[in-house]
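Asks: My request is simple: use the sequences and hints to build the entire structure.
Taken in order, these protein sequences are the chains called A and B. So that you can map any letter, position 302 of the first sequence is 752 in the numbering used here, and since no number is skipped, the others follow by simple counting. So that you can map any letter, position 21 of the second sequence is 471 in the numbering used here, and since no number is skipped, the others follow by simple counting.
It is worth saying that the hints were derived from the structure and are not from the lab. Each statement offered as a hint is correct.
Residues on chain B that point at chain A, a partial pick, calculated with CB under 8 Å:
hint : residue
1    : Tyr499
2    : Met502
3    : Gly503
4    : Val506
5    : Glu507
6    : Met508
7    : Ser509
8    : Asp536
9    : Ala537
10   : Leu538
11   : Val541
12   : His544
13   : Asp545
14   : Ala549
15   : Arg766
Computed beta-carbon distance windows for the label pairs:
hint : chain 1 : residue 1 : chain 2 : residue 2 : range
16   : A       : Asp453    : B       : Gln675    : 57 to 67 Å
17   : A       : Asp708    : B       : Val722    : 43 to 53 Å
18   : B       : Asn770    : A       : Ala772    : 35 to 45 Å
Note that the structure is a prediction, hence the values are computed from the model and not measured. A virtual CB, placed ideally from N, CA and C, is assigned to each residue, including glycine.
Number of protein chains: 2
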Amino acid sequence: MADGLLDVVGIGNAIVDVLSQAEPSLLHEQDMPLGSMNLIDDARADALYDLMGPGVEMSGGSAGNTMAGIASLGGAGAFIGKVHDDALGQVFTHDLRAAGVEFTTAHLSDGPATARCLVFVTPDAQRTMATYLGACVELGPEDIDVSTIARAQVTYLEGYLWDPPRAKEAFRKAIKVTHDAGRKVALTLSDPFCVDRYRGEFLELLQGDVDIVFANESEITSLYQVGNFDDALQKVRGHCEIAALTRGERGSLVIRGDEVHGVDAAEVGEIVDTTGAGDLYAAGFLYGLTHGHGLRRCGEIGGIAAAEIIGHFGARPEHNLADLASRAA
Amino acid sequence: MADGLLDVVGIGNAIVDVLSQAEPSLLHEQDMPLGSMNLIDDARADALYDLMGPGVEMSGGSAGNTMAGIASLGGAGAFIGKVHDDALGQVFTHDLRAAGVEFTTAHLSDGPATARCLVFVTPDAQRTMATYLGACVELGPEDIDVSTIARAQVTYLEGYLWDPPRAKEAFRKAIKVTHDAGRKVALTLSDPFCVDRYRGEFLELLQGDVDIVFANESEITSLYQVGNFDDALQKVRGHCEIAALTRGERGSLVIRGDEVHGVDAAEVGEIVDTTGAGDLYAAGFLYGLTHGHGLRRCGEIGGIAAAEIIGHFGARPEHNLADLASRAA
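Replies: So this is what it looks like as structure tokens:
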């Protein structure tokens, strides 16, 4: 396994989610805009946790969710990210490996605890997040294993990696190593607040460093600071080889040069929790791309994986995605 | 809060559940009978966890689940149990307090970690459990807070408490203190394997020490070593003031002396995971009893609470039980 070929290697913040139902009023009182991801320190994490209802813990992290999705589709993947060797770090490691994802990044034996994300799910199925990065701030270029990167067709990076300071260096090293190996770099813009924090750097990355970009409507319009989706679309198609832009129930738009596909969203039953929808769209899309599918089918598989994840609580698949995708083929 | 009157104080093993879907073949290979609860040591817990699929962590423990249910019904409750002051101990404490249950038992600062229960949920919605008792083995009579017991109408004990050696002393002290305060003692037989381990002691407890007993069909027939439910019924009615015997989809039978009620099961949609059905039946029943309801209504509320819990993954209520109970009144 540790020397076989890989479809995708994901690099991201290694986080355990604590999910709880919450009323919007709690989030207003705590100055957290609905749908936002807020970075918090340890003390604030404790204070917010005290205000939170009974929770459910499950492994998360954007790129971690994507890699679990690729494995559930039958793809071969690896993950690079930093946990502490504590109870939550063991949970994160177990869950990723049990899903079939290779994960060998060295654990911290001292320093900050494994990252936690307090996920407040409001009755509208939206999630508002407060993330304590913990051990993630220790991820550095020394963790970017060159041989793992070289074994994978695509290196997938999450925009959130720009938050922990040393991870940027890891991020830049990963891009260089990937391109040196003749492989592709994919990036998700992660969330509009993240785009706001790193707009200049993300714009630079998209002009040469990133081959495949994932973004939803609010992220891509925020990146280019334009008022409408089509304006952003015209900009991004000049920058990246492939752009996969998601628009919730309106499906996704996939562009490569002159090739453009408008892909309908997959059918969803009850929308329970939208956490991870973007992560799983990327999983389906990259699975398709690394298995020789056309762009339209890549977008369709992305939509199927996203539909599964929003039908239940949590951001890791509960059903075998390979079954769902083949049934919908 | 810490000096108000309480409806129920629950005493039990303080456990965080790790739930995962599993195939029956895995349990056969590991010599775990379907539906059983197996006590395991730390090394075996690690080995089994390695074999387990991706999991979800949530607070559990039989009496802990019951107390969360009573709080969700609007009742006032406290819990006595032992956790380590580690990440899972903090999760357990948070979840119980966030549910509205008083929990002040001193945490361990060294010694064994907080107890974990690996819950394997098979496609038939049955759960097979492997429990590492950890910090629970440190619960002793010094943890039985006399003033808390005296504030509660009922002291509720789980049979599983006979597994950690010093907890028996705590158990016996709790019975004495409860009766000295003129209060009632309730016991759940927990599971047929537990009954097998402590049959003699449980039979003794039922003849004088326990006022209210909860058992399902396999537990009560195992206790009296009889082949049929009705034989067990005739025996238990001579022993305890109140017996509430559950029979799955056939509802429950509630007996107090000459008073007998056959209570239909509440309607259930999809059966997802039966973990906690008995715990929540006890919650509903004891809520009813401590709020002046007749025995039949007590059984009905128990059935409503049990139906909620088997409709989703996990053993703590996801919906407000007070709303469900009043709608069904």
